[in-house]
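Colleague: Protein chains in written order, with this note's numbering: chain V, 1 to 330; chain Y, 1001 to 1095.
Derived from the structure by calculation, the hints contain no laboratory data. Since the structure is predicted, the reported quantities are computational estimates derived from the model, not experimental observations. Hints are all accurate, no fakes.
Pair ranges (Cβ atoms, derived): (1) Y:Tyr1086 to V:Arg323: 55 to 61 Å; (2) V:Arg323 to Y:Met1071: 38 to 44 Å; (3) V:Thr227 to Y:Leu1036: 40 to 46 Å; (4) V:Pro129 to Y:Ser1063: 48 to 54 Å; (5) V:Gln252 to Y:Asn1005: 49 to 55 Å; (6) V:Arg233 to Y:Phe1085: 36 to 42 Å; (7) Y:Thr1084 to V:Arg178: 42 to 48 Å; (8) V:Ala43 to Y:Glu1048: 34 to 40 Å.
Below, in silico cross-link-like pairs of lysine-lysine (BS3-like), each with a Cα-Cα straight-line distance of 27 Å or less: (9) V:Lys171 to V:Lys230; (10) V:Lys47 to V:Lys121; (11) V:Lys119 to V:Lys301; (12) Y:Lys1022 to V:Lys171; (13) V:Lys171 to V:Lys80; (14) V:Lys301 to V:Lys121; (15) Y:Lys1068 to V:Lys230; (16) V:Lys119 to V:Lys47; (17) V:Lys47 to Y:Lys1068.
All residues carry an ideal CB built from backbone N, CA and C; glycine is no exception.
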Amino acid sequence: MYTQALNTSDADDRPVEDATRAAAFQARIDAEERIEPNDWMPAAYRKTLTRQISQHAHSEIVGMLPEGNWITRAPSLRRKAALLAKVQDECGHGLYLYAAAETLGASREELVDLMLAGKAKYSSIFNYPTLTWADIGTIGWLVDGAAIMNQIPLCRCSYGPYARAMIRVCKEESFHQRQGFEIMVTLARGSEEQKAMAQDALNRWWWPVLMMFGPPDQASQHGDTSTRWKIKRFSNDELRQKFVDATVPQAQYLGLTIPDPGMKQNEAGNWEYSAIDWDEFKQVLAGNGPCNRDRLAARRKAHDEGAWVREAAEAYAEKRRHRQTAQAAE
Amino acid sequence: MATPNTPLWEVFIRSRNGLAHKHVGSLHASDTTMALQAARDLYTRRGEGLSIWVVPSSAITASDPSEKGMMFEPAESKIYRHPTFYEVPDEVGHM
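So here's chain V without its partners, still in its complex pose:
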């Protein structure tokens, strides 16, 4: 789950709408009421949420690829079964989220087609490769850890179907983080080579994971509307700081070094990190990360190769409908 980086609101193209209705809508939000699919909502609220939830769904689906890469090469049957279950969960999370997005009026097919056409974004983090088994541990520990940080506040998002999907996702996600950390503990207690592998994975993933929380607050233009609508409860920098503070002691436990020599703890107890390379983030979002083309190509291939299954299922359903109609007519 991975939308923070992509959160933007459509405040600018908001049409002038019935002011009374808009005020009543905001009053409901302020009173912490949940908005449900058939309720009136501003067009920009609908559009913002459709985009955010569908991008979140795409991220879950594309997120299956880097981890799926290691299912056949997992080091033991226990690890393989856990990884397979985790990747199945990611698929499930994508489907809960597509269903939530569809309650806003978009069709599943339309949303998927936008992603396949490269017109919809997904989280930048999945455009990095999984080079070693330690990457699977690091993804569970850090990527899912960051995702949980981001998703817990979304359980209280003002839009009912999104909040409910998030509650379910969060319940399932905690296993993901723990299985990742367990892999890291095992490697960290292993041979020198295994320790080096764990350190190398942390070195490669650390900065991209911090970027998952999205641009720094002063550069984010759209945060206000999402905050006012209670889609977003914390700013990007607040969540990033929470994540760093939670993660540093875990890295210390593992005996691994966070690849940020300038990092220090301030008087308040927060860990201050060095400047993030936002150019890299922009490049990856723009399609120039290490695996962007691979990821889209893999999704398109799966979609195209599954076409005959969808067609056959539809033809069979159609045949059965005809038979039932014919029997009813007799």
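Use these hints to put chain Y onto chain V, whose structure you have.
Modeller: Frame of chain V; chain Y shown alone:
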């Protein structure tokens, strides 16, 4: 080429004997058999249920939220339908 739309289903799960089926979400499937299988895979990966219902979403009729006032007001004004409306003398104790 746009992908053709697959019908939408609502999924209800009974978590334990003695409890009612409860709405858990929705999914797409081309027929009842596939809808049930997909519901099993999607909503019961951790032993969440003993029984599944799938219902075509198009078969559900919903009340109109904009008429919610008119629809539910008659119940809200009848506080005498609740036990707390009635006074029982303290000496009588719990009733």
